[in-house]
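Q: Each of the two chains sits in its own frame; use the hints to bring them together as a complex.
Chains A and B are the protein sequences, given in the same order. Using my numbering, read the first sequence as starting at 6 and increasing by one per residue. Using my numbering, read the second sequence as starting at 289 and increasing by one per residue.
Derived from the structure by calculation, the hints contain no laboratory data. Cβ coordinates follow ideal geometry from the N, Cα and C atoms, glycine included. Just to be clear, a hint being listed does not mean it is correct.
Unchecked claim - Ranges between beta-carbon positions, derived for each pair:
(1) A:D272 / B:T401: 55 to 61 Å
(2) A:G291 / B:N319: 40 to 46 Å
(3) A:G161 / B:V497: 24 to 30 Å
(4) A:H288 / B:K356: 50 to 56 Å
(5) B:R420 / A:R75: 24 to 30 Å
(6) A:N63 / B:D415: 56 to 62 Å
(7) B:E527 / A:G291: 53 to 59 Å
(8) B:K463 / A:G291: 26 to 32 Å
(9) A:G119 / B:R495: 31 to 37 Å
(10) A:R56 / B:E468: 53 to 59 Å
(11) B:K520 / A:E266: 31 to 37 Å
(12) B:D467 / A:S164: 47 to 53 Å
(13) A:Q217 / B:K499: 55 to 61 Å
(14) A:E271 / B:S626: 18 to 24 Å
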Amino acid sequence: MTYKMIVLAKQVPDTRNVGKDAMKADGTVNRAALPAIFNPEDLCALEQALRIKDQFPNSTITLLTMGPGRAADVLREGLYRGADKGILLTDRAFAGADTLATSYALAQAIKKIGGFDLIIGGRQAIDGDTAQVGPQVAEKLGIPQLTYTESIESIGEHSVTVKRQIDGGVEIAKVEFPALLTVTAAQQCRPRNAKFLMKYKRALTPGESAAQGKEPYPMDNPLFLAEWSVADVGADIVQCGLSGSPTKVKKVENIIFQAKESRRIEDNNQEIEELVVELLNNHTIG
Amino acid sequence: MKNLFVYLEIEDNKVAEVSQELLTKGRSLANELGCQLEAVAIGYKLSNIAHEVIPYGVDILHLFDDEKLTPYTTMPHASILVNLFKEEQPQICLMGATIIGRDLGPRVSSALTSGLTADCTSLIIGDYEDKRNKKTFKDLLYQIRPAFGGNIVATIVNPENRPQMATVREGVMKKAILDEDYKGEVKEHIAEDYFTDNDLAVEILCRQVEKAANNLKAAPIVVAGGYGVGSKENFELIEELAHCINAEVGASRAAVDAGFIEHDRQIGQTGITVRPKLYIACGISGQIQHLAGMQESSIVITINNDPEAPINAIADYVITGTIESVVPKMISFYKQNSK
Ligand SMILES: Cc1cc2nc3c(=O)[nH]c(=O)nc-3n(C[C@H](O)[C@H](O)[C@H](O)COP(=O)(O)OP(=O)(O)OC[C@H]3O[C@@H](n4cnc5c(N)ncnc54)[C@H](O)[C@@H]3O)c2cc1C
Ligand SMILES: Nc1ncnc2c1ncn2[C@@H]1O[C@H](COP(=O)(O)O)[C@@H](O)[C@H]1O
Numbered sequence: 006m007t008y009k010m011i012v013l014a015k016q017v018p019d020t021r022n023v024g025k026d027a028m029k030a031d032g033t034v035n036r037a038a039l040p041a042i043f044n045p046e047d048l049c050a051l052e053q054a055l056r057i058k059d060q061f062p063n064s065t066i067t068l069l070t071m072g073p074g075r076a077a078d079v080l081r082e083g084l085y086r087g088a089d090k091g092i093l094l095t096d097r098a099f100a101g102a103d104t105l106a107t108s109y110a111l112a113q114a115i116k117k118i119g120g121f122d123l124i125i126g127g128r129q130a131i132d133g134d135t136a137q138v139g140p141q142v143a144e145k146l147g148i149p150q151l152t153y154t155e156s157i158e159s160i161g162e163h164s165v166t167v168k169r170q171i172d173g174g175v176e177i178a179k180v181e182f183p184a185l186l187t188v189t190a191a192q193q194c195r196p197r198n199a200k201f202l203m204k205y206k207r208a209l210t211p212g213e214s215a216a217q218g219k220e221p222y223p224m225d226n227p228l229f230l231a232e233w234s235v236a237d238v239g240a241d242i243v244q245c246g247l248s249g250s251p252t253k254v255k256k257v258e259n260i261i262f263q264a265k266e267s268r269r270i271e272d273n274n275q276e277i278e279e280l281v282v283e284l285l286n287n288h289t290i291g
Numbered sequence: 289m290k291n292l293f294v295y296l297e298i299e300d301n302k303v304a305e306v307s308q309e310l311l312t313k314g315r316s317l318a319n320e321l322g323c324q325l326e327a328v329a330i331g332y333k334l335s336n337i338a339h340e341v342i343p344y345g346v347d348i349l350h351l352f353d354d355e356k357l358t359p360y361t362t363m364p365h366a367s368i369l370v371n372l373f374k375e376e377q378p379q380i381c382l383m384g385a386t387i388i389g390r391d392l393g394p395r396v397s398s399a400l401t402s403g404l405t406a407d408c409t410s411l412i413i414g415d416y417e418d419k420r421n422k423k424t425f426k427d428l429l430y431q432i433r434p435a436f437g438g439n440i441v442a443t444i445v446n447p448e449n450r451p452q453m454a455t456v457r458e459g460v461m462k463k464a465i466l467d468e469d470y471k472g473e474v475k476e477h478i479a480e481d482y483f484t485d486n487d488l489a490v491e492i493l494c495r496q497v498e499k500a501a502n503n504l505k506a507a508p509i510v511v512a513g514g515y516g517v518g519s520k521e522n523f524e525l526i527e528e529l530a531h532c533i534n535a536e537v538g539a540s541r542a543a544v545d546a547g548f549i550e551h552d553r554q555i556g557q558t559g560i561t562v563r564p565k566l567y568i569a570c571g572i573s574g575q576i577q578h579l580a581g582m583q584e585s586s587i588v589i590t591i592n593n594d595p596e597a598p599i600n601a602i603a604d605y606v607i608t609g610t611i612e613s614v615v616p617k618m619i620s621f622y623k624q625n626s627k
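Bound conformation, chain B alone (with noise of 0.2 Å):
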């Protein structure tokens, strides 16, 4: 009782990589509060489900597996978690914040009057002090995120009410397989009797789903472009520095709002979070939104014409001066050194 729940996602018959992160993640958490860490799989055909998920650590996994499930809609989905955590009670409850963890979430919470933060960049377990009411709340979930145009950090908590529920962008948490063999336990629930056909009002008529445009995610070398890079003409520099080391081109939502370049290469609190090896940030100030998805990199060099931006302070190497003149300083060092 009162374990902490991971939602799984799940496409072809895959656990989607967040779902993995957050298994990591909630493994951890449920050590800490000395509780058992389990998994709701909801879809058709899951028998390969198990293997892939105990190895995090996973306890028990609940499986409701009924060709109706699949593709996701968010109805009967949402009664299955209602309804499951009407039983088992959980303290925690864990989701990708993908489209679907961000259209799941709060109708679930809906029901089951809880509350719920989106795009968690930080889980952590605390107390609270309810100062107006004098009650102290132990081993609660500290549910952080940035917030309000930059530069502040809020600590959301839950105090009374279960699920304490939270999502979490793909990326942000680090996956680890605990254990291959460890041993976790499967229930196999009836699932229709956790929904009904009312729930089914949702027809999907057709889908497509294609792999990432970008391999932005996983790049090793990163060159992002922000606000101060000036025109979709100028950009081209960027994406010629980023050809010339095999990097990636990322971007700032201000660059992105510039129509600068596609909105899929966001990095940032709403956009993609990545951790590459090195990660060149040019013409960006470094606002709160952005860091959340790029500051675990390992190297971090900065462009900017203003020796004062926020960024440089998380940087390895400032640069200080223009676009138009340091990337094809750069551009044409590497040509000239490489081999």
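Just chain A, same shape as in the assembly (with noise of 0.2 Å):
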């Protein structure tokens, strides 16, 4: 058997990390203090189609990103962890896109790659968390999904078995191809260096060959990375970026709390002795 598989990665600021120089004077995200990482969930995602692979050697896993250039970084980990090819969908149409627009894009990208069997994206990016773009994706495919996987059970000729979360337990649900699962971090990912693929730190899209003035990979070199505008994959301009979004931001600000009229208690066996005692008399405690 071979599976023809692809997965869904965002590069995203690692809000997980955020230091102190992480806001700005004026209050704002200063998002260049932020390292941009491979959205974990998403190398979740990766290490399933991974362990398909390892299982049915001859399959493929496509990986697909969309963002600005320098989200091509997200593929060169990827071919470099063990994927066979990277494409990047890239264009200024698609900037400020909400989930509905950027799934409407990755949708339109996946019609162009066709006969795959498993789409494969992680539950949530970190940035947002918001868990829409794999059910949205799905949707415009008119395919079926499976959200919240946290591992896959077994993998027939026309169909897969995963053990997904539900609300309180679990669940084992099986579904035909092609179909889209997206993955939580329930399973640990190999290690980075598991397979050390180096050269693959080598690959461009042909944007980053003409910069760096080398000529372009040829297309069948696995070193290339493909490039894809809103043109390239037939979308339609009004439905992408922030025209395509209807859900638009109209504020955001800075918390401030009110501070609490609050009493400071010292470290010390008086202080705390009296406000356990204070809180025993009120009966908050005990």
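A: So, in structure tokens, the structure goes:
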């Protein structure tokens, strides 16, 4: 058996390690201070695809990302980890996309790739934690979805069976191809250097080759990273980017909490005992 | 027409807490908008649902009762909502930010090309001025959620597309019965007219639902540990304090990520929302996403070695000191002074 898989991966600012310099003096977010990383759950998506490929070595994994030029880093990392092909969906007209416009663009690119069995994405991206793009891509393609997948239990000729998280438990669900899965971090990804496919660090998009004054790689070279625009995927420009986004940000505000009248207590026996006794006396505890 | 709809999540023929909370919120928003509150129940053997939900002030309850609709799978539920919404043209649709809501909401919003905002912490009605196109929109739903690494709160609107969709986590809104004798209408639909066999693509082979492993949501006292607790071993101090004063243990995401404690104890925007009478925050800095899950606690005590920790701004008692030193003192003084 061989399977044709598409993995959706997003480059995100590492919001897990927001340090003090992450906020500018004017209170806005300093994106430059946050490293751009491969969205963690998308690595889990790639991991699930790699496990299938381990079992069925002639299977293929195409990594698809939409983002600015530097998002090609995600593709290089994916190839390095064992994906077969990388596609960067990039165009100024994609900028400002909400989840709906993002899923429209991704679905157009997937139609162009065509002939897949499985699409695997992360459950959610850590920059917004919305978990919307997966189900929206599935809807746009008219295929079933299984979100919150923890592991792939078995894969057959025409179907896949997964264990997925549900509210308060788990279930085992089976679906025929083509289908879309979104996966959680329930299973460990293999370490980053498990496969040393160093050469993939040199993979480049045609745009990057040109910027470095190099000949682009031929398209059949695995180091060639495809770069697709709105026109390349036959997308309707009105449905892309800001104009294709029904949600608008009305305002963004820094939160300054109304300071309560708080009582300061020093770390010494007397003050802490007084506090505990007070809480006992007014029946807050005990 | 143009009413506010709530999707009811149903497990074991019981309407989920979060759906009840949304009915209460939905009722008050509907009053403000001068529209009706409608609820949608999709499942099997739903005859008791009307009795359960109409007292929240539901004007119309839509029932889709069919054996094929349980257990929940995405596509038949999505098709029913999409087709119903095409007929009814709701202005707003609210769902729980549960696994089901987060699986179903985006599928429905995609089919209707309507906007959806996940995990809102507040919903209010207000106007919106689109400065670029010089248009003013009256009475939109402000979908308010913390965003991006803390410190900011975004207000999202969907000016043009309907319905305006939002998901909200359990515990964020308060539920309250409006009137036990409220008069609402029940509309029984022929479910099969709203979905096709193609929608039955997913087969559920087995299902295990367990009661929540902890009672954090309802606990009157919560002792929560953050990254500042420092280690799994130190977390035992937090557990000991909690045990001693009959509290449940909670945690910040940083503590969960560091492996100090299980994920199901995470409090905050992407965890559980609690509103205990006493919240003791140990080694938690107080980022907005954490506050989102606990700021309605009646009394907050913070234990932090940084006197300037942001969480102190919402505290009633600020203890400045390390966990290692303060927590054992609290335990021993409690033991000495109780009874
Ligand atoms: C989209 C998104 C969703 C999120 N959702 C959540 C969520 O649901 N819940 C959540 O909690 N977070 C959430 N976060 C993460 C949140 O932004 C913070 O990173 C997190 O809450 C920080 O946890 P913390 O306060 O334990 O750690 P830190 O910010 O590292 O704070 C540790 C604190 O401990 C103090 N300390 C250190 N040593 C000691 C000691 N020995 N004794 C006493 N005090 C000490 C320090 O002074 C500091 O104040 C989310 C983030 C994003 C981007
Ligand atoms: N720009 C993007 N490019 C590729 N995949 C994406 C993109 N945005 C979201 N995804 C996929 O959709 C998942 C959910 O994203 P989100 O809805 O933003 O939380 C991610 O984990 C990715 O797998």
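Q: Of the numbered hints stated earlier in the document, which are not met by this structure?
A: 7
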